[in-house]
Amino acid sequence: MKVSRILEQIASGGCDTAFEKLYGNARITEQRTRWIRLGEVFIGMHGDIDAVTLSVPGRTELLGNHTDHNNGRVLAAAVDIDIIAFAARSDDTLIRIKSEGYREDCVDVASLDSCRARRGSSAAVIGGVCEYFLSDGRKVGGIRACTASDVLTGSGISSSAAFEVMCGAMLSFLYNDGEIPPLFLAKAGKYAENVWFGKPCGLMDQTACASGGCSYIDFGGGDACLRKMSPCLGDNLLCIVNTGGNHADLTDDYASVPSEMRSCAVLLGQTVLEEVDEEDFVARIPYIRANVGDRAVLRALHFFAENRRVDTAAAAIRNGDTDTFLRCVYDSGSSSFRFLQNVYTNKNVTEQGLSLALALTERLGLVCRVHGGGFAGTIQTYLPPSRADEYRNAMERVFGEGCCMFLSLRDCGAVMIDGNTISGAV
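Residue 687, in the numbering used here, is where the sequence shown stops; the numbers in between run on with no holes.
Worth double-checking, as some hints may not be accurate.
[Said to hold, decoys possible] Derived SDA-like pairs: lysine to any residue, alpha-carbon spacing no greater than 20 Å straight-line:
{"id": "1", "residue 1": "K400", "residue 2": "S351"}
{"id": "2", "residue 1": "K263", "residue 2": "D352"}
{"id": "3", "residue 1": "K282", "residue 2": "L498"}
{"id": "4", "residue 1": "K608", "residue 2": "D541"}
{"id": "5", "residue 1": "K489", "residue 2": "K608"}
{"id": "6", "residue 1": "K400", "residue 2": "A371"}
{"id": "7", "residue 1": "K263", "residue 2": "R377"}
{"id": "8", "residue 1": "K263", "residue 2": "A371"}
{"id": "9", "residue 1": "K282", "residue 2": "K608"}
{"id": "10", "residue 1": "K263", "residue 2": "D311"}
{"id": "11", "residue 1": "K608", "residue 2": "E521"}
{"id": "12", "residue 1": "K460", "residue 2": "R377"}
{"id": "13", "residue 1": "K282", "residue 2": "D311"}
{"id": "14", "residue 1": "K263", "residue 2": "R350"}
{"id": "15", "residue 1": "K460", "residue 2": "Y515"}
{"id": "16", "residue 1": "K400", "residue 2": "K460"}
{"id": "17", "residue 1": "K608", "residue 2": "R624"}
{"id": "18", "residue 1": "K460", "residue 2": "S517"}
{"id": "19", "residue 1": "K400", "residue 2": "S372"}
{"id": "20", "residue 1": "K400", "residue 2": "S360"}
[As the list claims (entries may be wrong)] FRET-style restraints, in silico, Cβ to Cβ:
{"id": "21", "residue 1": "N580", "residue 2": "E291", "range": "30 to 38 Å"}
{"id": "22", "residue 1": "R588", "residue 2": "G398", "range": "40 to 48 Å"}
{"id": "23", "residue 1": "E657", "residue 2": "V527", "range": "14 to 22 Å"}
{"id": "24", "residue 1": "F667", "residue 2": "D510", "range": "24 to 32 Å"}
{"id": "25", "residue 1": "Y363", "residue 2": "G505", "range": "15 to 23 Å"}
{"id": "26", "residue 1": "A551", "residue 2": "K400", "range": "48 to 56 Å"}
{"id": "27", "residue 1": "G398", "residue 2": "R556", "range": "37 to 45 Å"}
{"id": "28", "residue 1": "C367", "residue 2": "T682", "range": "29 to 37 Å"}
{"id": "29", "residue 1": "D650", "residue 2": "G308", "range": "32 to 40 Å"}
{"id": "30", "residue 1": "P646", "residue 2": "P547", "range": "48 to 56 Å"}
{"id": "31", "residue 1": "V527", "residue 2": "D311", "range": "49 to 57 Å"}
{"id": "32", "residue 1": "G305", "residue 2": "G626", "range": "47 to 55 Å"}
{"id": "33", "residue 1": "D582", "residue 2": "I297", "range": "41 to 49 Å"}
Derived by calculation from the structure, the hints in this document are not laboratory data. Idealized CB from N, CA, C, for every residue including glycine.
Let the hints inform the model, and build the full structure from the sequences given.
Next up, the structure:
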């Protein structure tokens, strides 16, 4: 369908049912304006040609902090903020993606080479996703696309994973009949981030963004086994507080977590902690700490306990037991602070925005935890609606206007929208 026709459809309310499913009824008008603005940008760059419209959500980690990369277990959910795109096939071999606020990225799918890609760039992500598709016999080709995202960079809601999955979704719907499974999209994103981009992430973020909904995910064996669940937030709101902070020099901090966990496993003849017997680990702590140090031991202890918490929280969700779920959330945050030690970086101990946000939130008597990778960025808080204004004011006074994001969970993952029809991970 021509982009101009899509814009007419959006403006006349022809996508409202789809928008309500993705964003909720209160945000339909806002989303109409957002999508129309992006479509006009696309026409300005590429003309009024046939295109598809795509959406990939951000994600929130409900439980399972830094367990996925050692084949552990997590609870994660898609949220109602997303990256959107207008995308079209092109006759050449170039993928050109213009993301709002950034320069256009261009990758030639006929000459992919991770060694020539600039590490840490969006172009590296695009190239890595294409290479993963080709390695499995999937089709790739030229693309013209414009994207816009309200999954803010550095907000701990996986803007990078959402973009990675979006690249895969474009290839799926434009060249593979929309038949690429969500887990394949997730693996393609992880491959791109690990091999081409240069960041040693796990698979949780991409899996949650691609699949949508609330999921219990077990990465045992290196793969992802998903079980969809109904969330158990009770009457609580979910708030993500962005404390700011500089993420530029944190790659080494992030990398140290999986590396130190694996170093413990290797000493016991395994490759990741999920393969290690916990009691054997505890019995051999004197040997392990002598070889890899105390922090590695503490991080491993966090891994074992966090896996148990995920299982306890999953059972609580199935039983509708909000109190137990929230207790697991609090215990997870406490373990991350004390044992995992990802609440601030030792490179700059004067900057501890996460620690401060956690302290202020606990002072108000609310349940909270570090959110996502940590070291800088965001915390996650649960609170009753009656206290939303009080909490927002308290956080904004310290971290600035707009630091609080009140989010809802979203059922859909990576999808294509055609009028009121949504296809993909629904």
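Hints numbered earlier in the text: which of these fail when held up against the supplied structure?
4, 5, 7, 8, 9, 13, 16, 17, 20, 23, 29
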